[in-house]
Amino acid sequence: MLGVYFLEAMRSDSLHEILDARIKEGCDQEEVLAVANLARRCLSLNSEHRPTMRDVFIELDRMQSKKKGIQSRTQNDEEHGHIIAMPKSMSLSYSSPNIVIENSSFSLESEPLMPHKTQ
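In the numbering used here, the protein residues as written are 1 to 119.
Think of the hints as simulated: they come from the structure by calculation, not from any bench. Check the hints yourself; a few may be wrong.
[What the hints assert, rightly or not] Cross-link-like lysine-lysine pairs, in silico, BS3-like; alpha carbons within 30 Å at most: (1) 24 to 67; (2) 24 to 66; (3) 24 to 68.
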């Protein structure tokens, strides 16, 4: 039911009417529309038209990288000249009797898609 409501808002170009006020005020409308279009594709009844989870991840990561690129260009490099350089990504290997992780890579620049509080 919620999906149908969202799709109807997209079809009738009235997405702004169902958006939370915090999204309207705090987010770039172009970004909101890009995420909404991705969500619309995810709700396709034809499974061949729906993106895979990998495709969704790549698209969201691209959007986030684009936003970070714009933000970093607006900052003054001199303000950050004293910071020690850190590698952008790392690899690790770990094994225990029950867990084996080999050549796992992660980026220090990645952010969670859904930030949450830890206890």
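Hint-by-hint comparison with the structure:
| no. | hint | verdict |
| --- | --- | --- |
| 1 | 24 to 67 | 17 Å, holds |
| 2 | 24 to 66 | 20 Å, holds |
| 3 | 24 to 68 | 20 Å, holds |
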